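Please model the complete structure; the sequences and the hints are all you need to start from.
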Amino acid sequence: MTSPKSQCSKCGKEFSIQNLMRCARCKSALYCSNACQKSDWHSHKSTCKPPAPKKGPSQSQQPTEPVIGIRIACNADRDEGAQIFTPTSQVGLPIIVYRHHQDNPLTMIGDAGLDNQIATYLMIEPSTGFASAGWTKGGVVGTVTVVRQDRQPLTKEAIETLGSYATFILDLYGEGFGTPARQLTPAGFRRFCTEYKEEKLLNGKARFNNMPIPL
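Last residue of the sequence shown: 215 (the numbering used here), numbering continuous.
Worth double-checking, as some hints may not be accurate.
What the hints assert, rightly or not - Cut-off 27 Å, straight-line C-alpha distance, at most; resulting in silico cross-link-like pairs (DSS-like, lysine-lysine):
1. Lys137 with Lys38
2. Lys38 with Lys10
3. Lys5 with Lys38
4. Lys156 with Lys49
5. Lys137 with Lys10
6. Lys38 with Lys27
7. Lys137 with Lys205
8. Lys156 with Lys137
9. Lys49 with Lys38
10. Lys45 with Lys5
11. Lys49 with Lys13
12. Lys137 with Lys45
13. Lys10 with Lys45
14. Lys13 with Lys27
15. Lys45 with Lys27
16. Lys10 with Lys49
Said to hold, decoys possible - Computed beta-carbon distance windows for the label pairs:
17. Leu202 with Gln18: 20 to 28 Å
18. Gln18 with Trp41: 18 to 26 Å
19. Asn34 with Arg182: 40 to 48 Å
20. Ser16 with Pro186: 52 to 60 Å
21. Asn34 with Pro94: 31 to 39 Å
22. Arg151 with Lys205: 23 to 31 Å
23. Gln18 with Glu198: 53 to 61 Å
24. Ser33 with Pro4: 16 to 24 Å
25. Asn34 with Ala82: 41 to 49 Å
26. His42 with Asn209: 41 to 49 Å
27. Pro50 with Gly138: 15 to 23 Å
Hints in this document: simulated from the structure, not taken from any laboratory. Fair warning: this is a prediction, and the values are worked out from it, not measured in the lab. For every residue, glycine included, the Cβ atom is placed at its ideal position computed from N, Cα and C.
This is the structure we're talking about:
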């Protein structure tokens, strides 16, 4: 049985669908190679938009109370004017990170516009200093939504503090201290959050005044 065919969006050559790579962002443009995808980006980016989200469970299946989370925009969405941190309601501290696009990050075409270092840092495994391959491969993360697993509201100040804590831990690894065991405790995390909040208030960031400690 012959597999269906389609054309590369850049060079126009015809290939079997299974041999073409799909644009990770819009899911509609097809390419025969990374070179064609990169070459076509200048003209494709004006029409490259994420597809509409799929319908979720019926209303009767969803929890009655929404969970307030934070959407972290990827580079491409920021270039189009999206704020980095945006409060959002998601139905359905540890945190849960939901990647908006559903393609396999290990096989999809990388796109610099889908880089999202903040989200990658949130997925760092503290005991090793690394995130899994699906979060570290360039150009595959995209925009994400982050919620608290305990369903409590997540604020922009809290997610900024979490991201700064992850950066702090990575810096300790980079300075050759090995696993920073003293910092990887509830007490160490609380100490960091307290100091970070105090620093922000001293710098005139009054919005941190209402951030509870511990988060």
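C-beta pair Ser16, Pro186: status relative to the range 52 to 60 Å that was hinted = Cβ of Ser16 to Cβ of Pro186: about 54 Å, so the range 52 to 60 Å holds.
Take the C-alpha atoms of Lys5 and Lys38, compute the straight-line distance between them, and say whether it is at most 27 Å.
-> With Cα atoms ~22 Å apart, Lys5 and Lys38 stay inside 27 Å; holds.
Between Asn34 and Ala82, is the Cβ distance one that fits in 41 to 49 Å?
-> violated (26 Å)
Would you check the hint for Lys49 and Lys13, treating anything up to 27 Å between C-alpha atoms as holding?
-> holds (24 Å)
For the pair supplied as a hint, Lys45 and Lys5, confirm whether the alpha-carbon distance does not exceed 27 Å.
-> holds (24 Å)
Is the straight-line distance between the alpha-carbon of Lys38 and that of Lys10 27 Å or less?
-> Measuring from Cα to Cα gives roughly 9 Å; hence the hint holds.
Can the restraint linking Lys10 and Lys45 be considered satisfied, given a maximum Cα separation of 27 Å?
-> holds (13 Å)
Is the distance from the Cβ of Arg151 to the Cβ of Lys205 consistent with 23 to 31 Å?
-> Cβ of Arg151 to Cβ of Lys205: about 27 Å, so the range 23 to 31 Å holds.
For the pair supplied as a hint, Lys13 and Lys27, confirm whether the alpha-carbon distance does not exceed 27 Å.
-> holds (19 Å)
Decide if the proposed pair is consistent with the structure: Lys137 and Lys10, CA atoms, cutoff 27 Å inclusive.
-> holds (24 Å)
Beta-carbon spacing of Ser33 to Pro4 - inside the hinted bounds 16 to 24 Å or not = holds (19 Å)
27 Å Cα cutoff - pair Lys137, Lys38 = holds (17 Å)
Hint check: violations occur at hints 7, 17 and 25; the rest are consistent with the structure.
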